[in-house]
Amino acid sequence: MLQYPQIDPVAVQLGPLAIHWYGITYLVAFLAGWWLAKWRAGRPGSGWKPEEIGDIVFYIVLGVVVGGKLGSALFYQTENLLSDPLGTLNPMNGGMSFHGGFIGVLVAFWLYGRHTNRSFFEVADFIAPAFPIGLGAGRVGNFINGELWGRVTDVPWGMVFPHVGPEPRHPNQIYQILGEGVILFLIVWWFSSKPRPRMAVSGLFVLVYGIYRFLVEFVREPDAHLGFVAMEWLTMGQILSLPMRLIGGTLLFLAYQRQGKVAA
Numbered sequence: 001m002l003q004y005p006q007i008d009p010v011a012v013q014l015g016p017l018a019i020h021w022y023g024i025t026y027l028v029a030f031l032a033g034w035w036l037a038k039w040r041a042g043r044p045g046s047g048w049k050p051e052e053i054g055d056i057v058f059y060i061v062l063g064v065v066v067g068g069k070l071g072s073a074l075f076y077q078t079e080n081l082l083s084d085p086l087g088t089l090n091p092m093n094g095g096m097s098f099h100g101g102f103i104g105v106l107v108a109f110w111l112y113g114r115h116t117n118r119s120f121f122e123v124a125d126f127i128a129p130a131f132p133i134g135l136g137a138g139r140v141g142n143f144i145n146g147e148l149w150g151r152v153t154d155v156p157w158g159m160v161f162p163h164v165g166p167e168p169r170h171p172n173q174i175y176q177i178l179g180e181g182v183i184l185f186l187i188v189w190w191f192s193s194k195p196r197p198r199m200a201v202s203g204l205f206v207l208v209y210g211i212y213r214f215l216v217e218f219v220r221e222p223d224a225h226l227g228f229v230a231m232e233w234l235t236m237g238q239i240l241s242l243p244m245r246l247i248g249g250t251l252l253f254l255a256y257q258r259q260g261k262v263a264a
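At position 246 of the sequence shown the residue is numbered 246 (this note's numbering), and the sequence of numbers has no breaks.
Just so you know, the hints here were simulated from the structure itself, not pulled from any lab data.
In this text the structure is predicted, and so the values were computed from the model without any measurement.
A hint or two may mislead.
Across the chosen pairs, the derived CB separations fall in these ranges [stated by the list, open to error]:
| id | residue 1 | residue 2 | range |
| --- | --- | --- | --- |
| 1 | G227 | R43 | 42 to 50 Å |
| 2 | S193 | F228 | 38 to 46 Å |
| 3 | V229 | V160 | 24 to 32 Å |
| 4 | Q3 | R43 | 43 to 51 Å |
| 5 | G47 | P9 | 36 to 44 Å |
| 6 | F58 | S193 | 25 to 33 Å |
| 7 | M231 | W35 | 42 to 50 Å |
We put the CB at the ideal spot given by N, CA and C, even for glycine.
Sequences and hints are given; from them, build the entire structure.
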């Protein structure tokens, strides 16, 4: 049995200004994604220039913050949104949704593609391999904050979160750091290292994330104010991940079907 290490969520306190570890993890994620995207842009035949990456990162930051906040309010804090919309949407009050942030990033891809005369999937396929770095970094922030813990378990690596109770629980944040941050990155990065048909890289990312998120929800404690939202076992995260699996699989199928027709 493991004991949760009590970590002060505030990394640096400068008078009234508090710099939180959660914010630092997001900063690290954007910087790492920027570096990886610049490296990809510098490869022969990438179709991108390294100096373009700063602009697309700016679009992505806006998409993550705005989409993540709106998604959290709409998917997980509906009652709070209706009773206190300004407080719920205040970015300083915390609360971010991956699925909302993901939708925000998709909008950012579309806007940037329109601005630079690129197709949506030309942008998405290029950025997708670097995206898991941000997911993993965000889960590190969740672990430091002691949030999104798992369900009660008797596995040897169960972790006690003192602010939740004395029972050992699945260290869900660590599962997601490894799954969404490390494994997903390795799979998509390897897949994108060779020429693939348009939409295939994006499709693989969406499919693998949707599958993993659906599975890891079985050991993640459902949100207390939502609980199970369907059939007494489906969580909100699983419901939101179902269309991702369908969309990801469809994109992969269409990408290779179109490639086959072109070859024929």
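Here is how each hint holds up against the structure:
Taken as a hint, the range 42 to 50 Å holds for the pair G227 and R43, whose Cβ atoms sit roughly 47 Å apart. Range check, S193 to F228: Cβ separation about 40 Å, and the 38 to 46 Å hint holds. The beta-carbon spacing between V229 and V160, approximately 28 Å, falls within the hinted interval of 24 to 32 Å. Take Q3 and R43: their Cβ atoms lie about 45 Å apart, and the range 43 to 51 Å holds.
Distance hint check: the CB atoms of G47 and P9 are about 41 Å apart, consistent with the given range 36 to 44 Å. For the pair F58 and S193, the supplied restraint of 25 to 33 Å holds, since their beta-carbon distance comes to about 26 Å. A C-beta distance of roughly 43 Å is found between M231 and W35, which places it inside the suggested range of 42 to 50 Å.
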